[in-house]
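Got two chains here, each in a separate frame; can you build the complex from them with the hints?
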Amino acid sequence: GQSLEQPSEVTAVEGAIVQINCTYQTSGFYGLSWYQQHDGGAPTFLSYNALDGLEETGRFSSFLSRSDSYGYLLLQELQMKDSASYFCAVRDQGHSGAGSYQLTFGKGTKLSVIP
Amino acid sequence: DVKVTQSSRYLVKRTGEKVFLECVQDMDHENMFWYRQDPGLGLRLIYFSYDVKMKEKGDIPEGYSVSREKKERFSLILESASTNQTSMYLCASTSLGERRNEQFFGPGTRLTVL
Numbered sequence: 001g002q003s004l005e006q007p008s009e010v011t012a013v014e015g016a017i018v019q020i021n022c023t024y025q026t027s028g029f030y031g032l033s034w035y036q037q038h039d040g041g042a043p044t045f046l047s048y049n050a051l052d053g054l055e056e057t058g059r060f061s062s063f064l065s066r067s068d069s070y071g072y073l074l075l076q077e078l079q080m081k082d083s084a085s086y087f088c089a090v091r092d093q094g095h096s097g098a099g100s101y102q103l104t105f106g107k108g109t110k111l112s113v114i115p
Numbered sequence: 001d002v003k004v005t006q007s008s009r010y011l012v013k014r015t016g017e018k019v020f021l022e023c024v025q026d027m028d029h030e031n032m033f034w035y036r037q038d039p040g041l042g043l044r045l046i047y048f049s050y051d052v053k054m055k056e057k058g059d060i061p062e063g064y065s066v067s068r069e070k071k072e073r074f075s076l077i078l079e080s081a082s083t084n085q086t087s088m089y090l091c092a093s094t095s096l097g098e099r100r101n102e103q104f105f106g107p108g109t110r111l112t113v114l
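The listed protein sequences correspond, in order, to chains A and B. Per this note's numbering, residue 1 is the first one in the first sequence, and the count goes up by one each step. Per this note's numbering, residue 1 is the first one in the second sequence, and the count goes up by one each step.
Hint data in this document are derived by calculation from the structure and do not stem from the laboratory. Check each hint, because a few of them may be wrong.
Examples of chain B residues lying across from chain A (beta carbon under 7 Å, computed) [stated by the list, open to error]: (1) F20; (2) G42; (3) L43; (4) L45; (5) P61; (6) Y64; (7) S67; (8) E102.
It should be emphasised that the depicted structure is a prediction, and the values quoted were computed from it without experimental measurement. Idealized CB from N, CA, C, for every residue including glycine.
In isolation and in its complexed conformation, chain B is listed as follows (with noise of 0.2 Å):
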């Protein structure tokens, strides 16, 4: 089964410090993603990549930035973390292949901004 994980379940985090958000996918997956979740708003998409160093903005990618160097690991990065990003971010992936519609998601991650 594939397997999507990501570094932390709960991180608290104080304004203005620099946030690393960690996902790392066991199978091979071409493509990742980076959402995040808020209550009566669905999963937004903040970056995605296709391929290793490659990155494309979602549909909220400001106060954001990513890091693919390999290709089983994605990163999200909050350069100052400020208390409007408090929220569940959701890591996925999926491959090119068969089951390319199909995307696997991570645990998630809450993140608290003070």
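Chain A extracted, bound-state conformation (with noise of 0.2 Å):
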């Protein structure tokens, strides 16, 4: 089975930056993905690492380290629109074959950014 364990809350000023951590245990690991879901809305892709190392899109940043079975999403220049829950998620191989794959995902980060 997979676990995953991420902090419940946190909370940052505006333009600052912020690091959210996400530690997995799992049976089989392909990557490491993380979605933000800001209230009432459709969880939205955000990055996959694959292999170990930084990957950087805009503001945002993804790390992921397969030997500690840990990574993270960095936040820069924070905005109050990035107030939002992100979670998070491992993907593993399904039981039927190439085509068939599953995430699991944390249980969410509530980012709260104030002014």
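Okay, here's the thing in structure tokens:
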């Protein structure tokens, strides 16, 4: 099975940098994803890391260390619109061959950006 | 842009009713998923499908079944709704191509079982 741990809540100031950590325990691992979800909205994809290292996309970066079973999402130059829940998710192979796979999500981190 | 639609945003049913939740995607995606989301529990996978008529159980399949007769449509069925199935239900899809690591979510159906 899979289990993921991430902080339940984080508060940060507008313009600052915040890091949301995710540790995981898995029986099989293909990669770590991050999703953003605003209140009342659907989750939207932010990033995917399959290999160790840092991936940068604009103000957001995601890091993975496979040996430590650890990753993080880094948000820079925080804006009020970044207030949302952020979920890490581990990709695992399904049981039915190459075409089937599934994601297991963490419980989410609620980020509040304050002025 | 990929569009995933769900048949209802809000649904109220009574205990024991049979409930159908429909999901349609318009990008010819192979994989489709049903999750439920509850406060403090994140998203939990109920069932997924990697091809027409093919399905695989997720982490919490009890009390649910699914149907995928056409590639674009994935249905979640609550055979006999119970109050503990009150939740937000999210459908998602993904391709096996270049964006295979990205799941596209529908807007969700908030189901209340009385």
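Against the structure, the hints:
no., hint, result
1, F20, "violated (20 Å)"
2, G42, "holds (4 Å)"
3, L43, "holds (4 Å)"
4, L45, "holds (6 Å)"
5, P61, "violated (12 Å)"
6, Y64, "violated (15 Å)"
7, S67, "violated (17 Å)"
8, E102, "holds (4 Å)"
Hints 1, 5, 6, 7 from the earlier list are contradicted by this structure; the remaining hints agree with it.
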